[in-house]
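S.K.: So the protein lines, in turn, are chains Y and C.
Note that my numbering gives residue 212 to position 212 of the first sequence, counting from 1, and the numbers run on in steps of one.
Note that my numbering gives residue 17 to position 17 of the second sequence, counting from 1, and the numbers run on in steps of one.
Hint data in this document are derived by calculation from the structure and do not stem from the laboratory.
Possibly wrong hints are sitting among the right ones.
[What the hints assert, rightly or not] A few chain Y positions that, by computed beta-carbon distances, are all more than 12 Å from chain C: (1) 46; (2) 66; (3) 110; (4) 130; (5) 136; (6) 164; (7) 191.
[Stated by the list, open to error] Derived, one-sided and incomplete: chain C residues facing chain Y with beta-carbon distance under 8 Å: (8) 27; (9) 154; (10) 161.
[Claimed, not checked] Label-pair restraints from in silico Cβ distances: (11) Y:174 <-> C:90: 30 to 40 Å; (12) C:13 <-> Y:126: 51 to 61 Å; (13) C:52 <-> Y:49: 48 to 58 Å.
In this text, all values refer to a predicted model and were calculated from it rather than measured experimentally.
Even glycine gets a Cβ: it sits at the ideal position worked out from N, Cα and C.
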Amino acid sequence: MIPARRRWLAGALLIGVGWLASPGAIPVYDGIGAPPDEPYRYVAPPPGAPKTAPATSLSTKAAVVAGANAQGLSVQTSETGPQMSVFVPQGSMAASTGPITISITPAAPTDAPKGARVDGNVYVVALTAPGGPVTLVPAKAFNSTMYLRATDQRSPQPTMFFRRDPASSWEAVSTSAAGLDVRVGPFRGAGQYVLAWTAAAAAKKSGGAPVLPLVLVGTLVVLLAIVLVVRLRAARE
Amino acid sequence: MTRVGLLLVAFAVAVGLRLSLGEPDVATDIPAALAFAVALLVVAAAAGTRVPLSRRAVLIGLAGLALVCAPVALEHLFTTRPVHGSQGFAGWAAAVVFVATAEEVFLRGALYDAAERVWGPSAAIVLGAVCFALLHVPLYGWHVLPLDLAVGLVLGGLRQGAGTAAAPAITHVGADLVGWFLR
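From just these sequences and the hints, can you work out the full model?
M.R.: And the structure:
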């Protein structure tokens with residue numbers, strides 16, 4: 001019999017390894033039932049999208065001390081769940097005088113990253129200060145993060161793209177999962193952020209590979225194999 | 001067919017029922033989840049499953065809850081990911097409590113009891129964990145498999161330690177409810 005303390009430690013190890021091995025922080029481990037998120041609020045709804053309240057904007061100010069934001073900021077839009085949220089640590093935004101104003105506005109996509117299909121709204125981030133431009137401080141801003149909610153929870157999930165202004169080209173940013181339908185990437189400062197599927201992911205999403213039937217067949221095979229083993233064992237005994 | 005085999009077939013049928021009712025978005029479909037839960041409870045009741053509740057089971061269940069919630073809680077602590085509000089929570093929570101309880105009564109109740117009788121507790125824990133993990137793949141994708149397998153093993157361990165499925169049920173229900181806020 002394994003002592004209780006060792007069992008709990010083994011349990012903690014299992015959970016930790018499982019958590020690390022599962023890319024995408026699913027809600028604890030099981031989002032049973034319904035997703036609590038309200039339908040995605042589009043600025044320009046596609047045909048067939050449910051009628052919703054307008055997508056929300058936000059604007060907040062950060063005090064400046066010694067040339068940088070005095071406190072870390074974590075802000076999010078008001079949908080359930082938030083369609084956009086951003087985290088910037090203390091000292092990561094530089095401005096000669098404060099306060100720094102962070103404004104985030106949803107907009108209808110006017111174009112898509114090359115070879116990709118846009119998912120949801122474009123989020124336009126503006127950073128302004130009375131004393132001139134606001135810049136990111138790389139040494140402090142390396143763990144600033146931007147979260148965008150996808151329009152649904154189905155896999156594959158889209159990738160985050162960023163551009164400084166509408167004249168620039170979209171560039172994909174390193175994206176990972178932060179929930180069933182929440183994508184997280186680095187906060188690059190002022191500019192435009194959007195989620196989009198690359199061509200391969202879009203093809204997969206639109207039914208390229210029959211994932212569900214494969215899963216069902218695989219599950220049945222496993223279950224039948226278990227039953228077979230049980231019967232063979234019973235026959236031997 | 002053995003009792004374990006019958007229960008596995010019944011489980012596969014219940015999962016199939018949920019998948020077919022819940023198309024195209026199974027993970028979001030409450031009626032499909034409730035039908036699945038009712039199917040599991042009916043089979044568990046037919047198998048004569050009992051889930052006694054004791055003070056020890058409650059304490060083990062709460063300790064398990066702290067264990068499985070630790071990673072997501074720590075992640076929120078260090079990344080300031082948004083915490084969701086409580087709008088719409090009550091209705092969702094009622095469905096989640098029912099479905100999570102049904103899963104535990106079946107997997108860590110009926111199936112565990114049957115498998116333990118044949119192969120012992122370790123195999124019963126593994127079998128329940130495999131079923132638990134596979135159950136969630138069609139809902140959320142293959143990427144959930146490692147975590148759900150790990151959590152399934154822990155829930156099985158709680159069942160063995162407490163001597164009743166009430167402990168993993170408390171952990172499972174609690175973790176799902178916490179998941180609303182920390183998702």
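S.K.: Return the status of the interface hint for residue 27 (chain C): holds when the least beta-carbon distance to chain Y is below 8 Å, violated otherwise.
M.R.: Hint holds; residue 27 (chain C) Cβ to chain Y Cβ min 6 Å, cut 8 Å.
S.K.: Find the nearest Cβ of chain C to the Cβ of residue 66 (chain Y) and say whether that gap is larger than 12 Å.
M.R.: Check passes; 22 Å lies beyond 12 Å.
S.K.: Over 12 Å to the closest beta carbon of chain C is the bar; see if residue 191 (chain Y) clears it.
M.R.: Residue 191 (chain Y) clear of chain C: closest Cβ-Cβ about 21 Å, beyond 12 Å.
S.K.: For the restraint on residue 154 (chain C), tell me whether the closest CB of chain Y is nearer than 8 Å.
M.R.: holds, 5 Å
S.K.: Taking the closest pair, is the beta carbon of residue 110 (chain Y) still more than 12 Å from chain C?
M.R.: holds, 27 Å
S.K.: Against the range 51 to 61 Å, how does the distance between the Cβ atoms of residue 13 (chain C) and residue 126 (chain Y) compare: consistent or not?
M.R.: holds, 55 Å
S.K.: Can we trust that residue 164 (chain Y) is non-interface, i.e. its beta-carbon lies farther than 12 Å from all of chain C?
M.R.: holds, 25 Å
S.K.: Residue 46 (chain Y): least C-beta distance to chain C exceeds 12 Å?
M.R.: holds, 16 Å
S.K.: Can you let me know if the beta-carbon spacing of residue 174 (chain Y) and residue 90 (chain C) is within 30 to 40 Å?
M.R.: The hinted range 30 to 40 Å holds for residue 174 (chain Y) and residue 90 (chain C), with Cβ atoms some 38 Å apart.
S.K.: Just checking, residue 136 (chain Y) versus chain C, shortest CB gap more than 12 Å?
M.R.: holds, 17 Å
S.K.: If you take the shortest Cβ to Cβ gap from residue 161 (chain C) to chain Y, is it below 8 Å?
M.R.: Since chain Y brings a Cβ to about 7 Å from residue 161 (chain C), closer than 8 Å, the hint holds.
S.K.: Taking the closest pair, is the beta carbon of residue 130 (chain Y) still more than 12 Å from chain C?
M.R.: It holds; residue 130 (chain Y) is separated from chain C by about 27 Å at its closest Cβ, greater than 12 Å.
The structure fails none of the hints (numbered hints given earlier).
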